[in-house]
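Sequence lines, in order, name chains A and B. Reading the first sequence from the start, the letters are residues 1 to 546 in my numbering. Reading the second sequence from the start, the letters are residues 1 to 135 in my numbering.
Nothing false has been slipped in among the hints.
Which chain B residues stay away from chain A? Per the calculated CB distances, all over 10 Å, these: (1) N3; (2) D48; (3) E53; (4) D54; (5) L77; (6) E79; (7) A80; (8) R81; (9) I83; (10) P84; (11) D85; (12) R125; (13) P130.
Label-pair distances were calculated between CB atoms; the ranges are: (14) T462/A with E44/B: 39 to 45 Å; (15) T443/A with R81/B: 33 to 39 Å; (16) Q171/A with G106/B: 49 to 55 Å; (17) Q47/A with N68/B: 57 to 63 Å.
Note that these hints are calculated values from the structure, not bench results. Every residue, glycine too, gets a C-beta built ideally from N, C-alpha and C.
Residues per chain are reported as follows:
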Amino acid sequence: MNPVRSDAPPNHAPARPPRPERFTTISNLPIATVYGPAATADLVYDQDLGDPGQFPYTRGIHPSGYAGKLWTMRQFAGFGTPDETNARYRQLLDAGGTGLSVAFDLPTLMGRDPDHPLSLGEVGKCGVSVASLADMERLFAQIPLSTITTSMTINSPAAILLAMYLVVAEQQGADWREISGTIQNDILKEYIAQKEYIYPLGPSMRLVTDVFGFCAERGPRWNTISVSGYHIREAGSTALQELAFTLRDGIEYVEYGIEAGLAVDAFVPRMSFFFNAHNEFFEEIAKYRAARRLWSRVMRDRFGATDERSWKLRFHAQTAGVSLTAQQPHNNVIRTAVQALAAVLGGANSLHTNSLDEALALPTVEAATLALRTQQILAHESGLADVADPLGGSYYLEALTDELEAGAFEHFKTIDDLGGMVAAIEQGYPQREIANSAYKFQTEVEQGVRGIVGVNVHADDTAPGVPTLYIDEGVADDQVARLADLRRTRDGDRVTRSLDALRETARGRENLMPKLLDCVSAYATLGEMCDAFRDVWGEYEEAPAI
Amino acid sequence: MRNIRVVIAKPGLDGHDRGAKVIARALRDAGMEVIYTGLRQTPEQIVDAALQEDADVIGLSILSGAHNHICPRVVELLEARKIPDVLVVVGGIIPDADLPKLHAIGITGVFPPGTSMQAIVEFIRQHARPEAATS
Numbered sequence: 001m002n003p004v005r006s007d008a009p010p011n012h013a014p015a016r017p018p019r020p021e022r023f024t025t026i027s028n029l030p031i032a033t034v035y036g037p038a039a040t041a042d043l044v045y046d047q048d049l050g051d052p053g054q055f056p057y058t059r060g061i062h063p064s065g066y067a068g069k070l071w072t073m074r075q076f077a078g079f080g081t082p083d084e085t086n087a088r089y090r091q092l093l094d095a096g097g098t099g100l101s102v103a104f105d106l107p108t109l110m111g112r113d114p115d116h117p118l119s120l121g122e123v124g125k126c127g128v129s130v131a132s133l134a135d136m137e138r139l140f141a142q143i144p145l146s147t148i149t150t151s152m153t154i155n156s157p158a159a160i161l162l163a164m165y166l167v168v169a170e171q172q173g174a175d176w177r178e179i180s181g182t183i184q185n186d187i188l189k190e191y192i193a194q195k196e197y198i199y200p201l202g203p204s205m206r207l208v209t210d211v212f213g214f215c216a217e218r219g220p221r222w223n224t225i226s227v228s229g230y231h232i233r234e235a236g237s238t239a240l241q242e243l244a245f246t247l248r249d250g251i252e253y254v255e256y257g258i259e260a261g262l263a264v265d266a267f268v269p270r271m272s273f274f275f276n277a278h279n280e281f282f283e284e285i286a287k288y289r290a291a292r293r294l295w296s297r298v299m300r301d302r303f304g305a306t307d308e309r310s311w312k313l314r315f316h317a318q319t320a321g322v323s324l325t326a327q328q329p330h331n332n333v334i335r336t337a338v339q340a341l342a343a344v345l346g347g348a349n350s351l352h353t354n355s356l357d358e359a360l361a362l363p364t365v366e367a368a369t370l371a372l373r374t375q376q377i378l379a380h381e382s383g384l385a386d387v388a389d390p391l392g393g394s395y396y397l398e399a400l401t402d403e404l405e406a407g408a409f410e411h412f413k414t415i416d417d418l419g420g421m422v423a424a425i426e427q428g429y430p431q432r433e434i435a436n437s438a439y440k441f442q443t444e445v446e447q448g449v450r451g452i453v454g455v456n457v458h459a460d461d462t463a464p465g466v467p468t469l470y471i472d473e474g475v476a477d478d479q480v481a482r483l484a485d486l487r488r489t490r491d492g493d494r495v496t497r498s499l500d501a502l503r504e505t506a507r508g509r510e511n512l513m514p515k516l517l518d519c520v521s522a523y524a525t526l527g528e529m530c531d532a533f534r535d536v537w538g539e540y541e542e543a544p545a546i
Numbered sequence: 001m002r003n004i005r006v007v008i009a010k011p012g013l014d015g016h017d018r019g020a021k022v023i024a025r026a027l028r029d030a031g032m033e034v035i036y037t038g039l040r041q042t043p044e045q046i047v048d049a050a051l052q053e054d055a056d057v058i059g060l061s062i063l064s065g066a067h068n069h070i071c072p073r074v075v076e077l078l079e080a081r082k083i084p085d086v087l088v089v090v091g092g093i094i095p096d097a098d099l100p101k102l103h104a105i106g107i108t109g110v111f112p113p114g115t116s117m118q119a120i121v122e123f124i125r126q127h128a129r130p131e132a133a134t135s
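Given the sequences, and given the hints that come with them, work out the whole structure.
This is the structure in structure tokens:
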């Protein structure tokens, strides 16, 4: 039997596919060949666009765009032990990165300690392993949390990791009221797309709103959620589905926050968003502009928010990991640059650019630096950042923006009719829609309708490869050994007492953050805290469906 | 003569199931009978499913880097349960450095990102155990 690992899979498509008879966007919106004034005849400037910084913020949330402040170049990174990731962070900051973004490994994301049987083979692989406050201390050693903002991509155990971060900040002498950063804390898209859920929907939503409530009082500059379309898109949705499901998730969180007793303008200003930056250039730009307009209208008209900050949708963008190819990996630099350009033209507030080797492995330091340089070239050499919303008024772009907004409102109606997003998820609606789009896309690639250079057009077996990062299996041994030491040396009675109190609070309705801070300070492990919740709430199981 | 029966499984803690679901549909559209296990299945659960479903093929989708632990365990369990002729294939992000280890335990169908659905269908038709018909 011959090994099959074809870097150039059987290629049934012609090298140069014929031009199609009609064009559509990836969201299946029909495209005309030429756009003119008729496409924007219904637009009323002050109502539908507004100057940059003015309602409905179609043209951006800042009056001067990037002229006053460039977007934050925030590169997502994490692998191996906390010490290894700490070294990568300090390298990124030295290279001119302006914010940190933590990638956690799967055991951490799923609330399991490194010595749990389900963690076998996964420790430190897709991100950094953080099992207790001791690991968080090592992760941020010599990084001043008072001045650096940090984004943490974690959801089911988000409240726990936030508690760890706050305790480390306190140890460094930083004021919780001054520090800033983002906790992803978006559990709905986990059920919809990324599937890193632990608990049933109800208690999961309570953890989210407990973070809203705690930070409204104690950490007013913290972004308490990053409502994410990124993973929805990576799972195969179209741009329109990404936009609609993400904003509808945002609406659901606002409803739950209000239900939990919070005033709209007390927590919505700290909500942020996270979108994909994919290949289809104009549709992506239109998506960001439509998102801002939609959110401002929904917040003002559906929820009666009166604080301008509640109307302004702030978002992080990341280039599309799923668009990267293992074949001819150098081409990925170009894809990423085009996607980053769309994010910037769409007014992203912060941006991550992917590395060229990410279809093969976690990035090497060289690849990660090149990805950052891509942003820096856009910022400093292209003139792109000098004018706010430079494409505003484009016949095509404004027409697309309108169509995406209208399409999203239709999806909102469907989801409202299903009983809201939580109910829609329980009925499998967004999951099904995304799986259908993913299969349609893949079928179109196989048929040659969608071209991917190096894969189904212009394939080339002789293209050079790239060196890749290899995560040593020793990471797990190291983390397991440190954990064993921790369990031996900490005050066991204090751990037990704090975990008992956490379980008790989980049974009631009181905000869970103070009890989590107690557990964290006692060096209870992430797995122990998540198990305490599992004891009370049980676990969510998805019915498998193709 | 019967259709080829395939268990598609997502082992490990990772939840990125786009690839598993797309391939499951492609195999079904190619006339195979497909059983999708859902997420976070242990090697034991996967092999149990293959036994119960009388599967000819197990398709593992692994993106997290845990393949060096999961794949050998699945092969071991197939041998222990006396169904070593079940074909095991793997799709996902598998570094080249790990290919010799997978080949050594008989896993020759390793499908990296960008592999066409058709190539996977054809590989399974060629290599699934002979008692299964070509569907």
